[in-house]
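Engineer: Chain by chain, the residues run as shown.
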Amino acid sequence: MSASAALAHWVILAVLLSVFAGVLYRRLRGAEYRRVRAAAFTVLALAQPAFAVPATAIRSILVAVAAYAIGSTAAQFVRRQDPRRIVLLGGSLAGAQLVHPVWGTLTTIVLPLALRHQVTATTSARTAGLYVSLLFIPALSSAALLYLSLAQHFDGVQWRGFVSPGQYAVLVAAAVLPATPLFIALARAPMKIHALSLAILCTLIVAMNVVGSCVAAQPLAEFAAALGALGVLLIAHWAVSATRDRHAALLMVASLALSWTAALMTAELAHA
Amino acid sequence: MGEVSILREASARPRARGAPECAAGATDAVALRLHSKLGAAAKSLLLSGSHSFGAIETLRSAAIDDATHALQRHEPQYSAARTVTPAQRTLFVAVGLGLTVCVAISPAVGGLVLTAFIAASYAANAVFRAWLFWVGSDEPSTQIDASEENASAADLPVYTVLVPLYREANVVAQLAAALRRLDYPPHLLDVKLVVEEDDDDTVAAALEASADGVFEVVAVPAGEPRTKPRACNYALQLARGDFLVIFDAEDRPEPDQLKKALHAFRRAPVNVACLQARLNFFNARECWLTRMFALDYALWFDFLLPGLDRLGIPMPLGGTSNHFRVEALRAIRGWDPFNVTEDADLGIRLARLGLRVRTLDSTTYEEATNALDNWLRQRTRWLKGYMQTWLVHMRDPRQLLRNAGLGGFLGFQLFVGGTVVAALLNPILWLVFVLSFFIDVPAVGFTGATHALSGSGLLLGNALFAYLAMLGPYRRGWLDLSPYALLVPFYWLLISAAAYRAAWQLARKPWYWEKTVHGLTRMADGAVP
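Chains D and A supply the protein sequences, listed in that same order. Just so we're aligned, residue 2 is where the first sequence starts under our numbering, counting upward by one. Just so we're aligned, residue 8 is where the second sequence starts under our numbering, counting upward by one.
Heads up, a few of these hints could be off.
[Claimed, not checked] Label-pair ranges, simulated between beta-carbon atoms:
(1) A53(D) <-> A275(A): 53 to 63 Å
(2) I185(D) <-> L500(A): 48 to 58 Å
(3) A126(D) <-> P83(A): 45 to 55 Å
(4) A48(D) <-> I446(A): 56 to 66 Å
(5) L151(D) <-> P83(A): 57 to 67 Å
(6) S125(D) <-> A211(A): 25 to 35 Å
(7) L151(D) <-> S113(A): 30 to 40 Å
(8) P193(A) <-> A144(D): 53 to 63 Å
(9) V524(A) <-> A126(D): 54 to 64 Å
(10) A111(A) <-> I13(D): 44 to 54 Å
(11) V524(A) <-> G23(D): 55 to 65 Å
(12) V16(D) <-> L501(A): 40 to 50 Å
[To be verified] If we take Cβ atoms under 7 Å as the criterion, some of the chain A residues that face chain D in the derived model are:
(13) V142
(14) S144
(15) L471
(16) Y474
(17) S489
[Said to hold, decoys possible] Which bits of chain D does chain A cover? Going by a derived footprint, with three or more residues having C-beta under 8 Å, they are:
(18) 80-86
(19) 129-138
It is worth saying that the hints were derived from the structure and are not from the lab. Where a beta carbon is used, it is the ideal one built from N, C-alpha and C, also for glycine.
From just these sequences and the hints, can you work out the full model?
Structural biologist: Next up, the structure:
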């Protein structure tokens, strides 16, 4: 990479991180976290190992942004199905496909299906209408990507090789590790809509991390970075209480620490 | 009692065909004197169906002349009596010639530039609608609560309801039932069934429906152009109300619509001269065509017009359920009788005169036409009217810009002009796309680039149009209609057919009012979803 290209890369990265940090901070402030704490949680969410690696940083941020957007719009959509929320969720799912076609497509298929009981359409014909309008943009996005990959040889996923069975076990463990605090928090939360959406997104992210790192030799931290953003979304939904800030800090610190641990323990494998 | 009042009474009973003509020598003054001296006796004499006084005929002639020509006479710049001005004709010819010369000199470049322009115009219209949709989807509810409604019920004004009817005898009974359901004190309702005097069947049906005196029948003297706005202008002179609403023959307004409108008027600034209620269909699910029509209406009235409202862009009114302050309506000389979408024109004219049109959160259910030929006639008239409206208001673009401001000016181009242009361009884009797929001959202007450009324009435009149509039914919970929006590209081809028919008709018969036949639905009356 030339000096100018590297500079451009870092400028883009800094801009993306700053904007995303602003979004997370605003979300936390909206949930009545004090300024310092909101800033601290934002830093914890974004101090991810994937963002420190030039090769994966930009795509990781985009994955994190897409995951955050889907989680946020899915929660709004299930609360009320109005046109704006449908457009936002559909657009988020389409955006996820552009960031990572396989993960985006999986999310597009799994998330609306998993949320089907939360949708309030009264008849099957109306439910069908709801799904058609929800999936219209993601379906168009899939068709466009398919066209680009067939006609223009655009490839969103780089398949680079396979790892050995021994390494496989380590990678699976490492992929699940950063998500553990989030899953514990989600399991303890009342199973409200946003928790369900986040649980699905976390599962998909872990699955992608496992598949990506085992099959495509993709750096493990790449997808794990999205968990920090989802953590912010989760704690922003918590009701205000005396222990909320403490629990939030615990969750964010644990998630970040495990993310770094997983990244370090698999660094050698990822470079192999 | 003034001239108009006498005219009002006289018009309440149409002269029977073949009745004796005017009494010789009678004058306006005589009629007025008669009435002032004899009071009720004169009234009875004047209303006699077997006599006709010259004075009354004079008054009726003056009234119908005023209804037909007042706008043309006093504000010709707003009248569609003349379709295209010489300056506009010169401009169109110059643009047409210029494009032809460009394409002839360099087919490859000319074709590419032209295709890019067409694709961009088409896509711009779709993007503008998407923006309006987004803005309109955030419209706050204007539902009034019962306490406010009751508080204002004590001082309700007289409300005039105009229902122009022409060859619609078959729906008068249902109309009467719908009007009787209006939640408004009957003694404060001034309901006028406006009929053409030579439309015998409708006159008879209207008289029968008004036998109990609840409705008044206004017979409009025969003449040209035989249009709804001409009839409305005539009846406007007889209106007794402070507020007025137009309904169509097949309309089923929500019963509380007048009270809602009144409440909205009272809360609004005085420059709000008109409120447009929402429209949709009680037979939306009757067939494919009615479903597509319902999607179209849902998007238009539930999202796009509220979007225009919020942005302060001139709003073309939608045919029926327009509520007016009568004073303002009279001040701007009513509707343009030569414009076949007089409602759309009126909305723009109000905006140009500094008055506002707002949307009203109340629905009037209509009958969607279920026959393709009937639909085509109706859509042809609408698109022809939009063409007339655009031509009228673009006679002096600088003046329009001054009146409406930059946002209003651009909004008018995209919403009124864009509706017509998108319908006209749609088949051209399809044609260029298909032909350039098979023919890659720069000599005739078809290259890979034109194929890509037309394809992109079509994809973006049609995808957006379909998506917006899909989201249109959300406000009323008609989600079962959403999947039909996938067929919007086919529906748009029908709209394009109507647009070309409209352009042809504009050139040949600009004021011709193609009648939409109502009463064809097989769905039960009042089957409002």
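Engineer: Confirm or reject each hint.
Structural biologist: To see whether the hints hold, each was checked on the structure:
{"no.": "1", "hint": "A53(D) <-> A275(A): 53 to 63 Å", "in the structure": "58 Å, holds"}
{"no.": "2", "hint": "I185(D) <-> L500(A): 48 to 58 Å", "in the structure": "57 Å, holds"}
{"no.": "3", "hint": "A126(D) <-> P83(A): 45 to 55 Å", "in the structure": "53 Å, holds"}
{"no.": "4", "hint": "A48(D) <-> I446(A): 56 to 66 Å", "in the structure": "58 Å, holds"}
{"no.": "5", "hint": "L151(D) <-> P83(A): 57 to 67 Å", "in the structure": "60 Å, holds"}
{"no.": "6", "hint": "S125(D) <-> A211(A): 25 to 35 Å", "in the structure": "48 Å, violated"}
{"no.": "7", "hint": "L151(D) <-> S113(A): 30 to 40 Å", "in the structure": "33 Å, holds"}
{"no.": "8", "hint": "P193(A) <-> A144(D): 53 to 63 Å", "in the structure": "59 Å, holds"}
{"no.": "9", "hint": "V524(A) <-> A126(D): 54 to 64 Å", "in the structure": "30 Å, violated"}
{"no.": "10", "hint": "A111(A) <-> I13(D): 44 to 54 Å", "in the structure": "47 Å, holds"}
{"no.": "11", "hint": "V524(A) <-> G23(D): 55 to 65 Å", "in the structure": "59 Å, holds"}
{"no.": "12", "hint": "V16(D) <-> L501(A): 40 to 50 Å", "in the structure": "47 Å, holds"}
{"no.": "13", "hint": "V142", "in the structure": "11 Å, violated"}
{"no.": "14", "hint": "S144", "in the structure": "5 Å, holds"}
{"no.": "15", "hint": "L471", "in the structure": "10 Å, violated"}
{"no.": "16", "hint": "Y474", "in the structure": "6 Å, holds"}
{"no.": "17", "hint": "S489", "in the structure": "3 Å, holds"}
{"no.": "18", "hint": "80-86", "in the structure": "holds (count 4)"}
{"no.": "19", "hint": "129-138", "in the structure": "holds (count 7)"}
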